[in-house]
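> Letter by letter, the chains look like this.
Protein chains: 2
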Amino acid sequence: MVQGFSIRKIEPRDYLGVIAALNELTSVGTVDIEEFSRVIEYWKSCTVQDDIPVYNPYVVVDDATNDVAATGNLIIEQKLIHNCALCGHIEDIAVSAKFQGKKLGKFLIDYLTDTGLKAGCYKVILDCDEKNVKFYEKCGYSKAGVEMQIRE
Amino acid sequence: MVQGFSIRKIEPRDYLGVIAALNELTSVGTVDIEEFSRVIEYWKSCTVQDDIPVYNPYVVVDDATNDVAATGNLIIEQKLIHNCALCGHIEDIAVSAKFQGKKLGKFLIDYLTDTGLKAGCYKVILDCDEKNVKFYEKCGYSKAGVEMQIRE
Numbered sequence: 001m002v003q004g005f006s007i008r009k010i011e012p013r014d015y016l017g018v019i020a021a022l023n024e025l026t027s028v029g030t031v032d033i034e035e036f037s038r039v040i041e042y043w044k045s046c047t048v049q050d051d052i053p054v055y056n057p058y059v060v061v062d063d064a065t066n067d068v069a070a071t072g073n074l075i076i077e078q079k080l081i082h083n084c085a086l087c088g089h090i091e092d093i094a095v096s097a098k099f100q101g102k103k104l105g106k107f108l109i110d111y112l113t114d115t116g117l118k119a120g121c122y123k124v125i126l127d128c129d130e131k132n133v134k135f136y137e138k139c140g141y142s143k144a145g146v147e148m149q150i151r152e
Numbered sequence: 001m002v003q004g005f006s007i008r009k010i011e012p013r014d015y016l017g018v019i020a021a022l023n024e025l026t027s028v029g030t031v032d033i034e035e036f037s038r039v040i041e042y043w044k045s046c047t048v049q050d051d052i053p054v055y056n057p058y059v060v061v062d063d064a065t066n067d068v069a070a071t072g073n074l075i076i077e078q079k080l081i082h083n084c085a086l087c088g089h090i091e092d093i094a095v096s097a098k099f100q101g102k103k104l105g106k107f108l109i110d111y112l113t114d115t116g117l118k119a120g121c122y123k124v125i126l127d128c129d130e131k132n133v134k135f136y137e138k139c140g141y142s143k144a145g146v147e148m149q150i151r152e
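If you read the sequences in order, they're chains A and B.
With the numbering used here applied, the first sequence closes on residue 152, and no number is skipped along the way.
With the numbering used here applied, the second sequence closes on residue 152, and no number is skipped along the way.
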């Protein structure tokens with residue numbers, strides 16, 4: 001909990017705030033409100049068995065102004081291993097510039113982690129830069145491996 | 001390409017071979033053929049926009065015997081960043097004990113990577129142990145970050 005802030009699912013009205021937060025993380029490009037709404041609708045349409053959402057896109061909002069302060073997503077993967085277990089993947093965590101330093105990142109990570117574990121995920125994983133390892137350790141995470149990538 | 005082996009999508013008839021391969025990787029538990037088939041059907045039912053499969057579960061098979069030699073999955077995630085880009089996640093790569101040392105792991109990774117990039121993913125990522133970094137570098141991957149995890 002962070003006093004004065006709440007967490008809820010992303011909605012189409014969060015367009016400007018979510019894009020602004022994500023632009024702190026990386027390049028978003030030219031996503032217009034129709035594309036934004038289409039992605040949110042697509043995310044909503046995906047369920048794992050037992051109607052668990054595949055995508056769990058959240059925003060942290062400033063209660064006083066309804067401004068989007070941070071955003072992040074949790075993707076739930078259906079596996080075969082570990083008795084057809086579910087695995088959570090935290091993706092695209094971003095905090096808007098003017099809301100940094102308020103512990104909203106930890107608030108969001110704690111919430112997404114809890115969402116994944118309550119949905120039955122045997123683990124929740126995420127990839128981060130070496131410089132963010134300490135932050136995730138404070139959220140209860142520990143190092144598990146190396147992220148490798150290939151780009152087009 | 002590896003002479004004498006082919007790659008195709010997982011089918012229900014691959015039950016025993018896939019479970020045996022995955023047991024080389026980690027504990028699979030007591031997944032019976034009905035549960036196996038249900039997961040495969042669920043995987044088939046998931047599509048990203050434009051009917052790109054979310055799950056791309058493949059097997060490498062021995063052409064002479066139809067034995068499953070290796071298995072792996074590629075999950076395609078719909079993002080908002082980078083103009084609503086797709087991102088590929090390679091998961092649960094396993095080679096059966098008696099087929100190890102034949103370069104089937106690289107054959108499979110190359111195939112899954114190509115599948116992701118052809119589907120339009122701006123990158124394909126995976127998490128591995130430090131000891132497997134060199135193998136993935138031979139497949140064209142490079143280190144991108146740290147995998148963090150939290151378990152139930």
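Honestly, the hints are just simulated from the structure, not real lab data.
Just to be clear, a hint being listed does not mean it is correct.
Claimed, not checked - Partner residues aside, some chain B positions facing chain A, computed with beta carbon under 8 Å:
id, residue
1, Val31
2, Glu34
3, Glu91
4, Gly101
5, Tyr111
6, Thr115
7, Ala119
To be verified - Pair ranges (Cβ atoms, derived):
id, chain 1, residue 1, chain 2, residue 2, range
8, B, Arg13, A, Thr47, 39 to 49 Å
9, A, Asn83, B, Gln3, 35 to 45 Å
10, A, Asn66, B, Thr47, 51 to 61 Å
11, B, Gly101, A, Gln100, 24 to 34 Å
12, A, Asp129, B, Lys138, 39 to 49 Å
13, A, Ser27, B, Asn23, 35 to 45 Å
14, A, Lys98, B, Val2, 25 to 35 Å
15, B, Gln49, A, Ser27, 15 to 25 Å
16, B, His82, A, Ala64, 45 to 55 Å
For every residue, glycine included, the Cβ atom is placed at its ideal position computed from N, Cα and C.
> Next, verify each hint and record whether it holds.
Here's how the hints hold up against the structure:
no.: 1; hint: Val31; result: holds, 6 Å
no.: 2; hint: Glu34; result: violated, 11 Å
no.: 3; hint: Glu91; result: holds, 7 Å
no.: 4; hint: Gly101; result: violated, 22 Å
no.: 5; hint: Tyr111; result: violated, 13 Å
no.: 6; hint: Thr115; result: violated, 12 Å
no.: 7; hint: Ala119; result: violated, 11 Å
no.: 8; hint: Arg13/B x Thr47/A: 39 to 49 Å; result: violated, 27 Å
no.: 9; hint: Asn83/A x Gln3/B: 35 to 45 Å; result: holds, 36 Å
no.: 10; hint: Asn66/A x Thr47/B: 51 to 61 Å; result: violated, 34 Å
no.: 11; hint: Gly101/B x Gln100/A: 24 to 34 Å; result: violated, 50 Å
no.: 12; hint: Asp129/A x Lys138/B: 39 to 49 Å; result: violated, 24 Å
no.: 13; hint: Ser27/A x Asn23/B: 35 to 45 Å; result: holds, 42 Å
no.: 14; hint: Lys98/A x Val2/B: 25 to 35 Å; result: violated, 54 Å
no.: 15; hint: Gln49/B x Ser27/A: 15 to 25 Å; result: holds, 21 Å
no.: 16; hint: His82/B x Ala64/A: 45 to 55 Å; result: violated, 32 Å
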